[in-house]
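Two chains, each in its own frame: build the complex with the hints.
Listed in order, the protein sequences are those of chains A and B.
Quick note on the UniProt record's numbering: the first sequence kicks off at 1 and runs consecutively.
Quick note on the UniProt record's numbering: the second sequence kicks off at 1 and runs consecutively.
One or more of the hints may lead you astray.
[Claimed, not checked] Simulated coverage check for chain A against chain B, where a stretch passes if three residues somewhere in it have a Cβ under 8 Å from a Cβ of chain B:
1) 1-7
2) 10-22
3) 37-50
4) 106-116
5) 186-197
Think of the hints as simulated: they come from the structure by calculation, not from any bench.
Idealized CB from N, CA, C, for every residue including glycine.
Each chain is listed here by its residues.
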Amino acid sequence: MKPAPFGYVRPAEVGDAVAELVRADQEGGGKVLAGGQSLMPVLAMRLGRPATLVDITRIAELQQVQVADGELRIGAAVRQRRIERDFGGVVPLLSRALPWIGHREIRSRGTVCGSLAHADPSSELPAVATCLGATLDVIGPYGKRSVPAAEFFTAAMTTVLAPVELVASVRVPLPSSGSGFGFAEVARRHGDFALAGVAVSVTSREGVPRSAVVTAFGVSDKPQRRDLTRQVVAAVNAVGPAPEALTSQLVAATEELADEVVTTEGDSSGSPAYRRRLISALGARELARAFNSSMERSTR
Amino acid sequence: MSTLHRLKQTVSTRIQQRPVTQAATSRIAPDETVPVNFTVNGRPATVHVAPRVTLSDALRDHLGLTGTHIGCEHGVCGMCTVLVDGDAARACLLLACQLDSAEIMTVEGLGKPEDLHPLQASFGKHHALQCGFCTPGQLMSAYDLLDKDPGIGRDELPEQLSGVLCRCTGYRNIVDAVAEVAETHPNGLPAPRNCAATELLPRASVGGPSRSAVGVDEVDLEGIAEIRMPQAEPTVSIAVHQQVRAEPQQLWSVMSDTERLARCLPGAELVVDFGNDRYKGRVQVALGPVKLAFLGDIHVVERDETTHTIRALVQAADASSGNVQAEVVVAVDAAGSGSAVRADARVHMTGRIAQFGRSLASDVSKDMFGQFTAALDAMARGEEPAEVKPPSALAMTLRIPAARVRALLNRIRGRN
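Here chain B stands alone, though its shape is the one from the complex (with noise of 0.2 Å):
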C-alpha cells in the first residue's frame, strides 16, 4: 500500500512535468467516430468506427464481409478466425481502431464458389463442415496452421486446430481434410485464390448501418475520386445484344446526352454533375424483399462518335450490402432498318451481395440492360420512356426463372 500511497503524491506533480507528445497520440473520445485505413484481402478498405467496434464487426458490419462468423464474442469459440498480418487471430478480440495498415484475410480472401482454395476443396471432399457456421473459422485457422509449418504431421492437428470449436463433432472429418492439404502440399500452401496482389482501387469508403446510402443530404459533393478497376475476374460478365428499330444516329443522340441516358436506365437517377463527364448518380433494385439503393460516381471515359460508342466506369456502394464497379460499353451498329445495340458490362461485387450468386447476378444485371435498350429504342424514336422507377418485385419475379428467387430468399432467410 505504501507504493502505490507513494505514487498517488507523486503523481499530480508528474503531470507537469511530462506532457503528452500530442503529435505522435492517436486518440479517440469514446463516441468518436475515426477513419480506420487497412488491407482487406490485398485491397485497401476504409472503416468509421468507435473505439469500441471490434474487427469481427467492422468486417461484417462496415465492409459486407460476413463471411467472418460471430459466435461467443469473447475469445472461446474461434468462428471470427482471421488472419492479421499473416497470423490467424480472433476478429472478436481486437479493435478495429487498433489496426490501421494491418492486412487483413478473411475467408472471402481464400478462395472464390469457381476457383476454391485447395483447404476449401478439401473441406468439401471429405464433408467437413456439416452446419457450416465454423467453417470459416476453421478454413481460416487451419490456412494459419499449414502456412508455417506445411509438413505437419496429421497427430499434431487434433490439438493445432483445438481453437474453433465444431458443435456439430465434425472434427474427424475436419482433421481428415487438413491432413490431405497437409499430405499433398508438403513444401507449401498454396496461395490465396481471392487476394489481389496489388493495389486496386481506392475503394469507397463504407459507412456503418447508420449511415444510409441515398439521402441527397449525404452526397459528397466534392466530386469524384478516380476510378480504377480491380484487375481480378469479374463477379459477372453480361454481353446483351439486342435489335432495335430506332436509327444509330437517332440512338446517338440519347447516349450523348448523359441525363436522357440516365433517364433509360430503371430505377437509375443522376444526382450531381460535376463536368468533365463526372457524375454522382444513384440506382434502386428491388427484387422481391430485396431493396438495394446504390449510391455511387460514374466516370465516362470514352465516346466514340464514329463509331458510336460509350464506355463508362461505374463505382457505387449499398449502405449494407456491398459494393458494386462496373466497366460499361454501350455501342450501336447500323442493322437492318434500325440498329442493333450492344451493351458489355464486367460487373465486380463484393460484400453481401456478391453471395447472391453468379446467375442472379447475370440475370438481374442482363434484366436490367434489356429494359434500358428498351428505353433507349423508344427515346430515340421520341417516345418518353415509361416513369422512372425501380424495377418492381413483379416484373423481376416475371421475367427471372422463380427457382433463382425462391434460392435467394432461402438464402437470405438463412443468414438472418
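One chain only, chain A, in its complex shape (with noise of 0.2 Å):
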C-alpha cells in the first residue's frame, strides 16, 4: 500500500499554487493537497496517479478563518479540529456535523475545504454546505469565482472545479435568530461513511415554521437539498409542536421525500429500502428537533 512516485511542490502563495496546478495539468496531471485525509487513501490504493502533489498548506492566506459580514470564512488550509476546537457554536450546523467526519484523529488534519472539494456523495460537510445555502471561493488561472454550494457538486466525487482550479475557502451564512438545526446519520461503526443521514435547517417567528430545509446525503450522488416548509407549517398546525408528536406527524412528508432521494443502488451494507426509511425516519425526528430548538433560539 506504497503509493506510487510523484513530485511534490509546496508553493508559498495562492498565485503560485495556480501555476503549479496549470504547470502539472499539462505535465501529467496535478492534484491539490491540503489534508490529505481522502487522498493519500486513494493514493495508497493506487486508485489514482497525478504526477504532482500542490500542497497547500502552508499558503498564509488559506490558513485564515474570520467571522465577518454575517459569515464564517474558512480557508482552504484549516483543519476541521481548529473548527470543532475554536469555532464551536458559530454556525451550530456545522459543529453538529464535524464530530462525525471520520475519527478525531481524522480531523486533526483534514479540511473543511478539502471536503467540499473531494465530494463524496456520503461525506458530512457538502450536505451541511449545501443546507446553509454556503458559497465556495474558487481560483483558477483566470481569477476568482463564487460558487453556490447547491451548484458546486455535480455528481459523485465529481464538482465544477476544473483541474487548475482550487477551493480557496468557504463562505458559511451564520445563524439568523429564531433558527434551528439537526444533523443525524447512521453509518455501520462511529466514524465509517454514512449509510443515510440528514441536514436539517428550520426558521420560526412566534412559534410558526417560515423555513425547513432537509439535505440528504449518502443516498445518492451528490447532496439532495429539498424545501419542506408548507409541510413543517401544516404539522405543526395539526399537532403542536411537541418534539414526539411532531415526528410522528412529518414521517408521510418525509417518507414521501426518501422516495425522492434515494437514488443509491443498493449494497451489503443496506437495501435501498433501508436507506429510504433512514431518511424518513431521520427526517422527521430532526425536522422535529431543529423547529423546537428554533423557537428557543426566538425567544432569546
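Next up, the structure:
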C-alpha cells in the first residue's frame, strides 16, 4: 500500500499554487494536497496516480478563519479540528456535523474545504454546505469565482472545479435568530461513511415555521436539498411543537421525500428500502428537533 | 463543460503572466531525495526521503522508531497514530516531506520501560492488550484525548477511542485503562516521560535502508559535528574495574596513541583522523544472527597525563538499527604490582537497538570493555593483541547467559 511516485511542490502563495496546478496539468496531471485524509488512501491504493501534488497547507492566506459580514469564512488549509475546537457553536449545524467526520485523528489533519472539493456523496460537509447555502470561493488561472454549494457538486466525487482550479475558502452564513438545526446519520460504526444522513435547517417566528430545509446525503450521487416548509407548517398546525408528536406527524412527508431523494443502488450495508427508511425516520426526527430549537433561539 | 473549455483557452496565456516565485516554493521531483528536518520526541531528526515516503515509513525505516506500527496503510486502522504538532494523526496519511519543522511524538516518547507514563501503566494494570499490535496507536490516541479533555466522562470513551481498531476485541479493558487515568488525573494528563525538553544534540542524519553505514566510500570527509550528549538518563551505564599486569605508564603510552588504543577495542577501526583529536571510526558487533555496523564520530575531549585519564564522546549510527551515543572515561591507577583500569561509560541508545533491553545491552557493552582492557594490558606489555575482529557469535554467547540471547532472538523473530 505505498503510493506510486509523484512530484511534490509546496508554494507559498495562492497565485503560485494556481501556476503550479497549470504546470502540473500540462505535465501528467496534478492534485491539490490539503489535509490528504481522502487523497492519501486513493494514492496508497493507486486508484489515482497524479504526477504532482501541490501542497497548499503552508499558504498563509489559506490558513485564515474569519467571522465577518454575517459569514464564517474558512480558508482551504484550515483543519476540521480547528473549527471544532476554536469555532464551536458559531455555525451550529457545522458544529453538529464535524464530530461525525471520520475520527478525531482524521479531523486533526482533514480540512473543511478539502472535504467539499473531494465531494464524496456520503460525506457530511457537502450536505451541510448545501443545506446552509454556503458559497465556495474558487481560484483559477483566470481569476476568482464564487460558486454556491447548490451548484458546486455535480455528481459523485465530481464538482465544477477544473483541474487547474482550487477552492480557496468556503463562506458559511451565520445563523439568524429564530433558526434551529438538526443533523443525524447512520453508519456501520462511528467514523465510517454514512449509509444515509440528513442535515436540517429550520427558521421560525413566534412559534410559526418560516422555512424548513432538509438535505439528504449518502443516498444519491450528491447532496439532495429539499424545501419542506409547507409540510412542517401543516404538521405544526395539526399536532403542535412537541417533538415526539411532531416527528410522527412529519413521517408521511419525509417518506415522500425519501422516495424522491434515495436513488443509490443497494449494497451489502443496506438496501435502497433501508436507506429510504433511514431518511424518513432521521428527517422527521431532526425536523422536529430543529423546529423546537428554533423557537428557543427566537425567544432569547 | 463550457467553463472548462474557457479555462483551457485562457491557461496558456496566463502562464507567462504569472511565473512561479521559485524562492518561496519547495519542489521535489518524484525520484529525488531531500532532507526533511523535524523534531521527534523532543529531539531534532533528519530523514532523507522522496515525496511518496509516508511519516510512518520515515519513523520506522529511517529513524528506527518501530513503536509506530503499520496496519492498513490507508487510514482505516489507526495503528500508526502519532502526535503531529500536538494532535493525534494517522502517520500513514501524512507525507514526511510535508512535515519539515513539525513536532512529532511517538509511543517511544511517552515513557520508558522503567518509567512508564500513567497511561502505559494503566494499560498494563487493566490488561488492555492481548497481542499488543494496536497498543501504540491506542496509547497515542488516548494521550491526545486526555491531553485536550482531561475530565472526559467514561461514557464518551468508546466513541472517542474508536479511531484505533483492536482485533483482539479488547475494547472493554482499553476503556477501563483510559477511564482510570481520566479519573486519577482530572486536572490534566501528566507530560510524556521520554521527550527531551530542550534541544539535545545535532543528531547525525540517518539515511534510508539503502544507505550502508559501513562503506568507506560513503564516509563524510568533512569532519565531525560537535557532539553533545543527551541530558536524559542513559540507556546503559557501565562501570568496569579490572586489575591488569601492565604498569600505569605502559598503559598510558598506549592510551595516548589513539590508533593503538582503537586496536584494543574488539571490532573497532579508525577510519579517518581529522586532527584535534577528532576521528571517524567504526565498530562491528556480531551477536548470533545480529550484526551491527556502527559508523560514527569520536571526539577525545580530555587527556590528562597526571591522572592517566582520557574522556571521549562517541556518536554512531547503524543503518537500520539505530543510534548510539556514549561518553567514555578510561582511567588507570597504580595498584599492586600492576594497575587498576577503570572504564566508565554512559551509553544512550535509540531505535531498534534500544529494544534489546538494558540487561543485554549492558552485557554486550561490559563484555566489550572486558576484552578492551585485556587487549590494552597485552599491548602495553609489548604483546600485540589478537587480530582485530568483531566479537564472534561464539565468543559472545559463551560470555552472555544463554537465556538472554534466546530472549533477544525471540524478540527479533517476533518483530519480523
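Subject >> Violations among the numbered hints, reported as their numbers in ascending order >> reply: none
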